[in-house]
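Starting from two chains that each stand alone, build the complex the way the hints lay out.
Sequence order for the protein chains is A and B.
Numbered by our numbering, the letters in the first sequence go through residues 1 to 685 in order.
Numbered by our numbering, the letters in the second sequence go through residues 686 to 796 in order.
Check each hint, because a few of them may be wrong.
[Said to hold, decoys possible] Straight-line distance between alpha carbons at most 27 Å, and here's what the computed DSS-like set of lysine-lysine pairs gives:
no.: 1; chain 1: A; residue 1: 579; chain 2: A; residue 2: 592
no.: 2; chain 1: A; residue 1: 559; chain 2: A; residue 2: 412
no.: 3; chain 1: B; residue 1: 746; chain 2: A; residue 2: 172
no.: 4; chain 1: B; residue 1: 762; chain 2: A; residue 2: 10
no.: 5; chain 1: A; residue 1: 494; chain 2: A; residue 2: 592
no.: 6; chain 1: A; residue 1: 10; chain 2: B; residue 2: 746
Calculated directly from the structure, the hints in this document are not laboratory data.
On a predicted model such as this, the values are computed, not experimentally measured, just so you know.
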Amino acid sequence: MELPGGSQFKDVTQLFQDASREMDDDELLMVDGFTLYDAMSAVEIGDPRMDSGAPLPESQRQPDFDPLTPLLPEEVCWILDRSMACEMHWHAGNALAQTVYTCLYMHHLATIDLDSIPSEARRRFFDRGLPIQLTSLVIRSGVMGMVKCCDLAYRELVKGNVHDCEDWQGEKSDTSLLESVTPQRVMMLLGDAELWLSQDENRDVPFRTELLHRIQLRGILLRLFSLEMPRKLPFVVPLLAEARQLLALVRGQTIPPPQEASPALHAFDPRITRRLHSIMPMRPLIIPPQAETWNAVEGLLDGWEMTVGTLHASSLRWKLSRPPFIRSLTQTIFSDGSTIMDRFAVSWLVEHFFLELAHISFGHIVSLFEKNSFGSPSNSFEEFHSALTRLIVQHIWASYHNRPRQRRHSMKTVIDWHELYDHALAMTARTKPRDSADSRVLKCIPLAILHWRAGIARDIVLSGFELELHAPDERPFAYWYLSEILQTHEEVLKELLSAVPEDTPARNHLLVQEQYVAVLKEMSLAFFTILTCSSKFDPARRWSNFVVRYKWALRGRYKEISTPDPFAPNYRTFLREEKNIIEEEQGKRIQKALRLLDSTLPRLVQLGTLAEKDIALQLCRAEFTQHHLAGLILVSENVREHLVLLSGNTDTSTSSSSLEQLRVIWDLEVCPWFPKVEVPSHRIA
Amino acid sequence: MSSASSPPPSSQSPSPSPPLLHASRPRRPAVEALKDLLNRTLRIACSDGRVFVGTFVCVDKQLHIILANTDEYSMSKPEGRYVTMVMVPWRLVVTISVYGDSDDEGKLDVL
Numbered sequence: 001m002e003l004p005g006g007s008q009f010k011d012v013t014q015l016f017q018d019a020s021r022e023m024d025d026d027e028l029l030m031v032d033g034f035t036l037y038d039a040m041s042a043v044e045i046g047d048p049r050m051d052s053g054a055p056l057p058e059s060q061r062q063p064d065f066d067p068l069t070p071l072l073p074e075e076v077c078w079i080l081d082r083s084m085a086c087e088m089h090w091h092a093g094n095a096l097a098q099t100v101y102t103c104l105y106m107h108h109l110a111t112i113d114l115d116s117i118p119s120e121a122r123r124r125f126f127d128r129g130l131p132i133q134l135t136s137l138v139i140r141s142g143v144m145g146m147v148k149c150c151d152l153a154y155r156e157l158v159k160g161n162v163h164d165c166e167d168w169q170g171e172k173s174d175t176s177l178l179e180s181v182t183p184q185r186v187m188m189l190l191g192d193a194e195l196w197l198s199q200d201e202n203r204d205v206p207f208r209t210e211l212l213h214r215i216q217l218r219g220i221l222l223r224l225f226s227l228e229m230p231r232k233l234p235f236v237v238p239l240l241a242e243a244r245q246l247l248a249l250v251r252g253q254t255i256p257p258p259q260e261a262s263p264a265l266h267a268f269d270p271r272i273t274r275r276l277h278s279i280m281p282m283r284p285l286i287i288p289p290q291a292e293t294w295n296a297v298e299g300l301l302d303g304w305e306m307t308v309g310t311l312h313a314s315s316l317r318w319k320l321s322r323p324p325f326i327r328s329l330t331q332t333i334f335s336d337g338s339t340i341m342d343r344f345a346v347s348w349l350v351e352h353f354f355l356e357l358a359h360i361s362f363g364h365i366v367s368l369f370e371k372n373s374f375g376s377p378s379n380s381f382e383e384f385h386s387a388l389t390r391l392i393v394q395h396i397w398a399s400y401h402n403r404p405r406q407r408r409h410s411m412k413t414v415i416d417w418h419e420l421y422d423h424a425l426a427m428t429a430r431t432k433p434r435d436s437a438d439s440r441v442l443k444c445i446p447l448a449i450l451h452w453r454a455g456i457a458r459d460i461v462l463s464g465f466e467l468e469l470h471a472p473d474e475r476p477f478a479y480w481y482l483s484e485i486l487q488t489h490e491e492v493l494k495e496l497l498s499a500v501p502e503d504t505p506a507r508n509h510l511l512v513q514e515q516y517v518a519v520l521k522e523m524s525l526a527f528f529t530i531l532t533c534s535s536k537f538d539p540a541r542r543w544s545n546f547v548v549r550y551k552w553a554l555r556g557r558y559k560e561i562s563t564p565d566p567f568a569p570n571y572r573t574f575l576r577e578e579k580n581i582i583e584e585e586q587g588k589r590i591q592k593a594l595r596l597l598d599s600t601l602p603r604l605v606q607l608g609t610l611a612e613k614d615i616a617l618q619l620c621r622a623e624f625t626q627h628h629l630a631g632l633i634l635v636s637e638n639v640r641e642h643l644v645l646l647s648g649n650t651d652t653s654t655s656s657s658s659l660e661q662l663r664v665i666w667d668l669e670v671c672p673w674f675p676k677v678e679v680p681s682h683r684i685a
Numbered sequence: 686m687s688s689a690s691s692p693p694p695s696s697q698s699p700s701p702s703p704p705l706l707h708a709s710r711p712r713r714p715a716v717e718a719l720k721d722l723l724n725r726t727l728r729i730a731c732s733d734g735r736v737f738v739g740t741f742v743c744v745d746k747q748l749h750i751i752l753a754n755t756d757e758y759s760m761s762k763p764e765g766r767y768v769t770m771v772m773v774p775w776r777l778v779v780t781i782s783v784y785g786d787s788d789d790e791g792k793l794d795v796l
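Just chain B, with the same shape it has in the complex (with noise of 0.2 Å):
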């Protein structure tokens, strides 16, 4: 995964800190077992029943999850449509999971 090794995006920390703020920050586990999942396949369920299946891109704080190159799957069309990058906000989210992938499945489980 390249992102995983990736530095992240100069977005996530403020610029002007200096190196020793850095230093003092609280681990963050849940933060970097999250940054593991960028540009893994997500499928999230949401509570209208529909599902969505795509490559997880970008999330902030309030959850609300982007997903690149989806599908939406519902009653009306089970066997899926190309949605193309979709923002799921988390008030409609009731599940979400990671496309399996034997290497991460340590990472999660300690989680």
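Next up, chain A with everything else stripped away, as it sits in the complex (with noise of 0.2 Å):
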């Protein structure tokens, strides 16, 4: 290889080994400005593990791509299902260059466009008697559609409502995704493939079928990428369905994978990034298995179905488990910036929050607050009413967020909501009723807020579990706030209750919120109750640790605000009730434990009843019975079986440290939120 630079550059390498001779020890010659944060950043050549471009060992080199090699119609198929997990494993939150761009075959589309294919290498197709369009046509197309599907989901991508770098990777490392091809041109590209595999002289191509419903599947997701939301959202419907008919067909076909000398298998390089422009290193990916990239797609139909159904739905909710892409294309069409679901003023939102939450209608609301008889409403209501927009807009943004930036967005504001509450309290006290139903709209109103709020709250504190953001010694307390927030929530719930008529939606969502908040403060008091025991740190360690741990609700903010916060938590009153637990035969935590959780488990089997009149939960149902209330039966379950069996090995001698024997097992797909235990075989033979 020729030095690059030619003859311009002067041997300097005596200079550096002279200089490194007259250099003090700790020396470092820089450049003004840089620093050694800078040089951190350097990826150092020749270290395995950031250097993208070391030449590699014999056993890993792979045999240059050829992409005019004539290919079996399996291996084709085969092709196109890897490049389709390629695709799904971006998705899932990947770097282009260790997925997509494996996929040799996209970095040769013109070499393998029919028309500047020269005849030597077509002669090579017919002397094996392979069609040359499996190439030219399937392949070709079937690898620009996944490309094009590729560009179409970063547009979505990156506008801003999810992350880059964090939800998923944007880095293109110089390396085109058809930017400039229509998605039309593609389409009309994987329609000519489908014209050729569904002609009749091609009727003996082995795997046609198959070939033919993965370039159908293509065309599909092609359209339902290329979709413009929310406008064209009456199309996804209709494509969805398509999509699920070829995902099963193609599901059910068996691909011979290809043997071990077969050139498809070099169509897939793990190693690109080491020739392409790179910010920063990358290690190869095993991409996934090709029955979980089958659910990957489906995972994505269900969140294109799933955003479809948010324009219908009565309350909005989300699901963690799906893609950046589902997730930033439902903010989309959930807001515009000026209208809701691309249907509704942004007041809407409010109208809803007070009709799904207290059944109070939007107008009773604005008649009690008009400043004249002109109807137009008071200051304090206009800035109550904008607050809470704001508030309830930003809330439902966080929601399409990860989890972690979602709690982020919690502790800021929930600050916010106690204002708000405040605001509320003084807006209603000021307004006379006129009758019982305006004493009972002012009574809701604030009440509502606070609902909200536990909410709020109480997320903040279970997301910590879910993060596993909570050291062992931290989590007595988690539990023990916890237990006080649902314990004044549910005193809200209750007073909200006593002034939501019967047989609205309203009051059975919130009967339902009645249950889920006692069953969870149980639960978290039964926790409590087992995992506290005496900590190592002395109490002002432990006090700066916790004022570090909650400052999202110990800020100086709620200060200036008259109405004293009702989920301020107490670290004194837990002191307390940590030393009387810990004080506490074993025996008796036990028995108090049990029965707690004897009071969770039948709660939780009639909260699955309840579930099934609430409205708010139309759209995730069955996951939150199957899914989210089993995982709470299993770890309740768990916990109570592993109790009786230390209560019945409990006496005097060895009770006092058997609870602390108890090992804590964090199963996050079980439930996030409570752990399961076991007990050391010896504690019980």
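Dropping the structure here:
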């Protein structure tokens, strides 16, 4: 290889050696403004973890890829399937260079264009009796379709609803995603491939149907990705139905994996990063197997369906496991900044907030706060309305962020909700009710806000478990504080329920909430009871840790608000409770926890029945009952069983440490908020 | 070359040193010449066959050389690829050369 730059360079190797001898041991020569911190971000050449361009050992070297190597139809099928796997793995949050770009055909699309294939290469296909169209039409259009789908998804992801490097990876490594090719052009090519596969003279091509289904599925996916949202929303449902049908067909087809010497195996290079422009070093990834890929495609289709459902639902909720693309798309559909769901004014959210939580019509609220006979609302109400609108919109946006970001948003805004509650109390106190209906409305306005805020405070603490933020020593307080929040929440719900009419959707929703809150309270108290133990840290150290961990609930700004915060954590009370628990006999503690769990289990079952009537669970009822409640039941039963075992073995000589012997096992898939427990076998024997 | 005339970064000299120590420090012609190369384009040929061309921004006594805005050239990518900032350890270095500039050739020749 000729040295780049030619003869314009002058050798200075000796100068470096001489300078090294003259330099002090810890001396650094740097350009102005360059820091050690900058130096740390340099990629170390020769370090296999960072240096993507380092020469590979012989065993890892891949033969040169020739895109014009004739392929068998089943090999083409396999390549299309694996390219789909690469695409889905990008959607899962990995870099393009580790996934999509590893499909080498995408870097040779011009080479496999039928018009530019040289006659010599054509002859190779002819000699092997393999149609050149398998490469020039089927692979080319299939891979182009995959790349274009990524480009269209990229355009959605880059809108800022989800975050690059956090939810997804946007680094393109200077490689084209066919940005300048229209989706229509790619659809046309897919159409050509479909036509060729459907022709009578190709009826004998093996795996013809399998290829056809794959090209059709890609065509549908491309059409879905290219829909302009939310304007083209009505087109989603029929396309989804078609995609699901094709996915089922493709899933049922068995494609033999390429043989050891097959050229198809060289169509993917996991170490493509070594040849790409790179900002950060990337390790090669193992692309998930095909069954997982089809699950991911199904997940994407489910996400689309859920997004469409959002528009027809009376309340919004989200599911964590949705890929970033769907979370971004949902936000795009939810609001374009001026309207909600392309149909309603932003104030629609406030109307539904009170209707769904307290069965109050917005017109009634407005009539209470008219400042004059012309019906214009008072300034105070306008401020309240605008603050509530802003907070709800932000809350829904944040619901589609990733979990840590959502938690941060809640921690930041929980005080704003308290300010709003204070505002609502002051505003309603100043208003004179005309009749009992007015009194009901005035009572419900602040309570609805308090109920909402209780949910946010609860979620902050619970997400701490979900994100594994709490050290073992911090868990008893977290559960105790959670039970305190839930205790207050229970009281708020009782008050609210007393003012909400029977047989209304709002009441059904609040009844579910009441039961749900009671269940969580009992479970958190049970876990506080069994997990509390003498801390190895002194109170001062624990206090400083506590202040940092719960700064969101201890902000100085709370003192500036006239209404005291009903959810303020009281560390002294906790220490008292903790002392009481520690001093209590182990047997009694176990019995106390057992009583709580005994009460929880029937409540959980009852909750499943109550949930049937809650319209707010319309879109996620199955998920709520079959996954979420089932997880809580599983954990409660597990802990109950082990406590029963322990209580049977508790005697005065061994009981002192029996609870401390419980091993806590977090299974985030089963229940992210409460752990299962295990008793070491020697304790039971 | 702006960097050549600018004072060396504070990390290069022990900060509490009295002026007398500076005065008694032996002349270091190679270090001074190397400082002149900062911000210039270097080409580093490595023992694994790769060549890096980038802006020389930092070096230590052990000759860990940091290049910014670097392109990597190799047999598999002879047209080069951009690899941002790299640190080339001396053990991999075969030759280092600086992009020619007639103003500085005299200085380099002296060494």
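Evaluation of the provided hints:
1. For a cut-off of 27 Å, the pair hint linking residue 579(A) to residue 592(A) stands: about 16 Å separates their Cα positions.
2. The suggested pairing of residue 559(A) with residue 412(A) holds, with an alpha-carbon distance near 16 Å, which does not exceed 27 Å.
3. With a CA separation close to 37 Å, the supplied pair residue 746(B) and residue 172(A) exceeds the 27 Å bound.
4. For the hint pairing residue 762(B) with residue 10(A), the CA-to-CA distance comes to about 24 Å; that is within 27 Å, so the pair holds.
5. Restraint check for residue 494(A) and residue 592(A): satisfied, since their Cα atoms lie roughly 25 Å apart, inside the 27 Å limit.
6. Under the criterion of a C-alpha separation no larger than 27 Å, the hint pairing residue 10(A) with residue 746(B) is consistent with the structure, at around 22 Å.
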